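Colleague: Listed below are the residues making up each chain.
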Amino acid sequence: DAKTTQPTSMDCAEGRAANLPCNHSTISGNEYVYWYRQIHSQGPQYIIHGLKNNETNEMASLIITEDRKSSTLILPHATLRDTAVYYCIVRVGSNFGNEKLTFGTGTRLTIIP
Amino acid sequence: GAVVSQHPSWVICKSGTSVKIECRSLDFQATTMFWYRQFPKQSLMLMATSNEGSKATYEQGVEKDKFLINHASLTLSTLTVTSAHPEDSSFYICSARDLAARSGANVLTFGAGSRLTVL
Chain A
1 DAKTTQPTSM DCAEGRAANL PCNHSTISGN EYVYWYRQIH SQGPQYIIHG LKNNETNEMA
61 SLIITEDRKS STLILPHATL RDTAVYYCIV RVGSNFGNEK LTFGTGTRLT IIP
Chain B
1 GAVVSQHPSW VICKSGTSVK IECRSLDFQA TTMFWYRQFP KQSLMLMATS NEGSKATYEQ
61 GVEKDKFLIN HASLTLSTLT VTSAHPEDSS FYICSARDLA ARSGANVLTF GAGSRLTVL
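In order, the protein sequences belong to chains A and B. Taking my numbering, I'd label the letters of the first sequence as residues 1 to 113. Taking my numbering, I'd label the letters of the second sequence as residues 1 to 119.
It is worth saying that the hints were derived from the structure and are not from the lab. The model shown is predicted, which means the values in this text are computed figures rather than measured ones. You may find that some hints are simply not true.
[As the list claims (entries may be wrong)] The calculated lysine to aspartate or glutamate pairs, modelled on EDC-like cross-linking and capped at a C-alpha distance of 20 Å, are:
#1 A:K3 with B:E87
#2 A:K3 with B:E52
#3 A:K100 with B:E87
#4 B:K55 with A:E99
#5 A:K100 with B:E52
[As the list claims (entries may be wrong)] Okay, the calculated bits of chain A under chain B, using three or more residues with CB under 8 Å as the criterion:
#6 3 to 14
#7 40 to 50
[As the list claims (entries may be wrong)] What the simulated footprint calls covered on chain B by chain A, stretch by stretch (three residues with Cβ under 8 Å from a Cβ of chain A suffice, anywhere in the stretch; the number is not a length):
#8 19 to 29
#9 85 to 91
Each residue gets a CB set at the ideal place from its N, CA and C atoms; glycine is no exception.
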């Protein structure tokens, strides 16, 4: 699997957009970019994923560069409840459901009141 | 959406006893479930892949006789920590994928986790 590099920690003011970067320069053509987050003492929560195109859902937007070597997760209006560790993971897609996800250290995002 | 339930959410046990943690997919079937372990201030570490109807696949360094995994049905996997010791105290998290959703992508749904404290 392609390795990812994320900043260890970031702060963002409440109500502002939080932009979390992720580098994945060795990503291959069939690998997706997934974002999960883990709020303290809870299980990880899926946020969004993408392959080539930018994606948006009710939680966030995912911007993938044209060369796919990096991406940015955007939380448009951060709230205190968005304080969590955010994980960027690169992995092949599958229709079988037996492909494991490996978590790195992630970015600890703190939303400041 | 897909929901994964874990039970118990927390458990305290004495050293030397065994503890069973259940992981259920509530509204979907999962032929494969994954068990992770997380120590304080660390990331999730994959322990094993649980396969319905067959033996689990353990990651390197994880003792299969210590952490018994049984995937007896398409909606239930159990992790038993045998002869638990204080160093086994950790946050155990399971996950599964709803194969009926998001075809082609590898999106996992995680349980809320089970915190084990061994005295």
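Colleague: Are the hints correct? Go through all of them and say.
Modeller: Here's how the hints hold up against the structure:
no. : hint              : verdict
1   : A:K3 with B:E87   : 29 Å, violated
2   : A:K3 with B:E52   : 30 Å, violated
3   : A:K100 with B:E87 : 25 Å, violated
4   : B:K55 with A:E99  : 16 Å, holds
5   : A:K100 with B:E52 : 15 Å, holds
6   : 3 to 14           : violated (count 0)
7   : 40 to 50          : holds (count 7)
8   : 19 to 29          : violated (count 0)
9   : 85 to 91          : violated (count 1)
In summary, the structure is inconsistent with hints 1, 2, 3, 6, 8, 9 from the numbered list given earlier, while agreeing with the others.
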